[in-house]
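Working from the sequences, and respecting the hints, build out all of it.
Number of protein chains: 2
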Amino acid sequence: MPERKGQYTVTLSGRPTILGYSAVVGKKEGEGPLGRYFDMVFEDTTLGEKTWEKAESALQREAFTRALNKAGISPSQVNYMFAGDLLNQSIASTFGLREFGVPLMGQFGACSTMAQTLALAAIFVDSGAADICAAITSSHFCAAERQFRFPLEYGGQRPPTSQWTATAAGAVIVGFGGNGVKIADVTVGYITDFGINDTNNMGAAMAPAAAETLNAYLIDTGTRPDDYDLIVTGDLGAIGSELFRELMERKSFQLGANYSDCGMMLYDRSRQDVHAGGSGCGCSASVLCSYILSKMTSGELKNVLFIATGALMSPTSSQQGESIPGIAHLCHLVKTE
Amino acid sequence: MPERKGQYTVTLSGRPTILGYSAVVGKKEGEGPLGRYFDMVFEDTTLGEKTWEKAESALQREAFTRALNKAGISPSQVNYMFAGDLLNQSIASTFGLREFGVPLMGQFGACSTMAQTLALAAIFVDSGAADICAAITSSHFCAAERQFRFPLEYGGQRPPTSQWTATAAGAVIVGFGGNGVKIADVTVGYITDFGINDTNNMGAAMAPAAAETLNAYLIDTGTRPDDYDLIVTGDLGAIGSELFRELMERKSFQLGANYSDCGMMLYDRSRQDVHAGGSGCGCSASVLCSYILSKMTSGELKNVLFIATGALMSPTSSQQGESIPGIAHLCHLVKTE
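Chains as they are written, first to last, in the working numbering: chain A, 17 to 353; chain B, 17 to 353.
No lab work stands behind these hints: they were computed from the structure. It should be emphasised that the depicted structure is a prediction, and the values quoted were computed from it without experimental measurement. Please note that the accuracy of each hint is not assured.
Simulated restraints on C-beta separations [claimed, not checked]:
#1 A:49 <-> B:88: 28 to 34 Å
#2 B:214 <-> A:266: 53 to 59 Å
#3 B:241 <-> A:210: 36 to 42 Å
#4 A:216 <-> B:314: 27 to 33 Å
#5 B:64 <-> A:51: 50 to 56 Å
From the derived model, a few chain A residues whose C-beta atoms are all more than 12 Å from chain B [claimed, not checked]:
#6 20
#7 24
#8 57
#9 106
#10 142
#11 169
#12 214
#13 243
#14 246
#15 276
#16 285
#17 288
#18 311
Partial selection, computed: residues in chain A whose CB lies under 8 Å from chain B [unchecked claim]:
#19 56
#20 111
#21 121
#22 262
By construction, the Cβ of each residue, glycine as well, lies at the ideal position given by its N, Cα and C atoms.
Structure below.
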């Protein structure tokens with residue numbers, strides 16, 4: 017049963033289990049340091065589809081299908097899919113998941129979507145509203161570039177603060193039973209806006225939200241950063257993650273070597289041209305559903321805080337002079353045996 | 017506690033209560049048959065803002081603030097906001113609700129958003145994951161036209177099958193206690209796609225989804241349409257609601273005079289130029305949060321099925337030749353005393 021703990025956190029006393037998970041990625045992500053952890057690397061990032069948007073849908077379909085297979089579960093056993101993405105009207109999810117016949121609640125949390133969907137899946141299972149839920153998200157570099165910035169053909173310059181939208185999808189199946197990784201607590205964040213309006217510096221816009229959410233969780237649970245094997249943010253990148261460390265320090269929480277960022281883990285910045293690091297819903301999703309969950313399954317990591325971060329702007333809001341509201345959601349994952 | 021009933025339905029045994037609700041609308045909606053039921057009619061649909069998108073944000077802010085006031089609740093007492101809209105990256109919600117400091121889970125269900133957010137709010141409260149939740153959504157004719165079709169300045173012709181996106185927002189506060197309207201059951205729908213690709217005939221694209229969801233609910237609960245005072249779909253309009261009747265008949269459920277559609281209720285088609293009826297997230301939201309909930313509060317309606325419907329396409333998916341996937345979510349509302 018979900019129980020409220022402190023002001024912002026919900027403890028899931030039944031500890032719903034991750035029954036299956038999968039990450040599928042594009043060529044560049046496959047060439048990164050986590051390459052061998054992914055279930056599938058698509059050398060051809062069109063996935064044989066005619067458009068980038070359809071390719072992103074295919075990524076989601078692939079991740080969900082593989083997660084189901086690994087869990088030994090059929091689509092008809094899944095009560096709800098929680099899914100979302102960065103494309104206008106979430107078409108990567110809608111068209112990618114259309115064929116499964118599973119009740120769908122579309123989610124929008126920008127790049128925080130993996131944590132938001134996982135939190136919802138866990139709460140639904142823990143409460144008895146569902147037996148089995150899926151949490152699914154994706155992003156695609158080429159679809160995101162032409163929607164948020166410029167079509168690739170334009171050959172636009174990218175400033176050093178900019179991040180690289182991951183071509184990747186992740187899917188998690190949540191239910192009860194088995195001795196897999198469990199979701200112990202969830203902290204849903206509120207919007208934090210420090211007035212940053214540089215859409216090429218999203219890490220800085222999201223760092224304050226990540227700090228608010230982690231701070232809320234640590235206060236609610238009475239724990240400290242060094243109680244965890246790994247604290248990992250979604251896609252703050254090089255600049256955002258340094259800012260995040262500073263902001264946590266101001267809140268009197270020192271982050272040690274156990275802190276990392278999915279945007280820094282997905283690529284090797286010294287040999288891959290990604291500027292400040294990775295981003296996109298698929299960034300934290302694919303790092304969670306490959307490296308993190310496999311290290312937890314093997315018991316190398318036992319106690320992890322996964323904090324996915326989102327920048328809730330659109331090209332329209334930026335053109336109208338608005339700043340970039342940030343948000344971050346946290347899932348506390350544990351492996352007990 | 018939420019309990020699963022049949023294949024698709026969740027019964028909320030604690031029966032969460034609607035503690036407050038509010039609908040605010042634009043001039044045209046205020047001139048319609050439900051004019052006197054709205055909390056506020058904005059004669060100036062810019063709401064004093066510089067852009068249509070900011071005006072839509074202001075509508076959400078206004079609806080949420082009024083719903084809180086009517087419930088006698090402060091924002092700090094609200095554990096979660098579930099909110100969404102039709103604009104790219106849901107900016108009406110993000111910017112409209114940014115200032116409240118309430119944890120936010122952004123939702124995307126196109127025009128089904130009012131039912132989706134209400135279902136989530138009710139499940140969270142019933143499960144103990146939250147004490148108080150808010151469900152909020154909006155649409156704005158001028159913002160929707162320029163995003164989905166043409167800027168108003170273009171003066172495009174609208175075919176008779178087209179619907180009029182409502183300039184409206186609705187907000188509901190859900191918690192326990194009091195003798196208000198209660199949410200008894202929830203049925204979340206799956207995507208239904210009959211291959212319709214005419215974006216000027218969304219009612220036809222959504223009708224099959226509404227029929228699937230109502231059919232699932234009736235089978236799960238062993239009830240029949242005439243067990244309810246009112247069965248109301250979201251925004252099928254004149255064409256979609258006739259189709260919906262036919263599809264239900266093929267499923268051996270005859271809908272009587274107790275069936276209506278929010279898109280048909282919001283405007284007077286004989287004197288207001290809305291072609292096939294109203295649409296948009298704000299359409300079903302504003303009809304629910306004015307006429308329906310006030311008739312339930314007074315006891316004139318006691319047993320209502322609210323089925324909001326969504327068309328999950330984007331201009332990009334339509335340009336790429338895709339059909340329009342439909343979805344519909346149902347909330348069973350009761351007033352017992």
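These are the hints, each one checked on the structure:
As the Cβ distance of residue 49 (chain A) to residue 88 (chain B) is approximately 54 Å, the hint placing it in 28 to 34 Å is violated. For residue 214 (chain B) paired with residue 266 (chain A), a C-beta distance near 55 Å keeps the hint of 53 to 59 Å intact. At about 52 Å, the beta-carbon gap between residue 241 (chain B) and residue 210 (chain A) misses the expected band of 36 to 42 Å. About 55 Å separates the C-beta atoms of residue 216 (chain A) and residue 314 (chain B), a value inconsistent with the hinted range of 27 to 33 Å.
One distance hint, 50 to 56 Å for the beta-carbon pair residue 64 (chain B) and residue 51 (chain A), holds here, with the actual separation near 54 Å. The non-interface label for residue 20 (chain A) is inconsistent with chain B: the shortest C-beta to C-beta separation is roughly 7 Å, within 12 Å. Distance to chain B contradicts residue 24 (chain A) as a non-interface residue, since its nearest Cβ pair spans about 6 Å, not more than 12 Å. The Cβ of residue 57 (chain A) lies farther than 12 Å from every Cβ of chain B, with a closest approach of about 25 Å, so its non-interface assignment holds.
For residue 106 (chain A), the shortest C-beta to C-beta distance to chain B comes to about 5 Å, within the 12 Å cut-off, and the non-interface label is violated. Non-interface call for residue 142 (chain A) relative to chain B: violated, since the shortest CB-CB distance, roughly 8 Å, does not exceed 12 Å. Chain B leaves residue 169 (chain A) outside its interface by the beta-carbon criterion, the shortest separation being 17 Å against a cut-off of 12 Å. Here residue 214 (chain A) stays apart from chain B, with its beta-carbon at least about 17 Å from theirs, past the 12 Å limit.
The beta carbon of residue 243 (chain A) is kept farther than 12 Å from every beta carbon of chain B, the shortest such distance being approximately 23 Å. Non-interface call for residue 246 (chain A) relative to chain B: holds, since the shortest CB-CB distance, roughly 24 Å, exceeds 12 Å. The non-interface label for residue 276 (chain A) is consistent with chain B: the shortest C-beta to C-beta separation is roughly 25 Å, beyond 12 Å. Listed as outside the interface, residue 285 (chain A) is consistent with that label: its C-beta sits roughly 27 Å from the nearest C-beta of chain B, beyond the 12 Å cut-off.
Residue 288 (chain A), annotated as away from the interface, keeps every beta carbon of chain B farther than 12 Å; the closest lies near 27 Å. Every beta carbon of chain B lies more than 12 Å from that of residue 311 (chain A), the smallest distance being close to 28 Å; the non-interface claim holds. Checking residue 56 (chain A) against chain B by beta carbon gives a least distance of about 24 Å; that is not within 8 Å, so the hint is violated. Among the interface hints, the one on residue 111 (chain A) holds; its C-beta lies about 6 Å from the nearest C-beta in chain B, closer than the 8 Å criterion.
Using the Cβ-Cβ criterion of 8 Å, the hint placing residue 121 (chain A) at the interface with chain B is satisfied: the shortest such distance is roughly 6 Å. Annotation: interface hint on residue 262 (chain A) violated; nearest CB of chain B at approximately 22 Å, more than 8 Å.
The structure fails to meet hints 1, 3, 4, 6, 7, 9, 10, 19, 22 from the earlier list, while all remaining hints are met.
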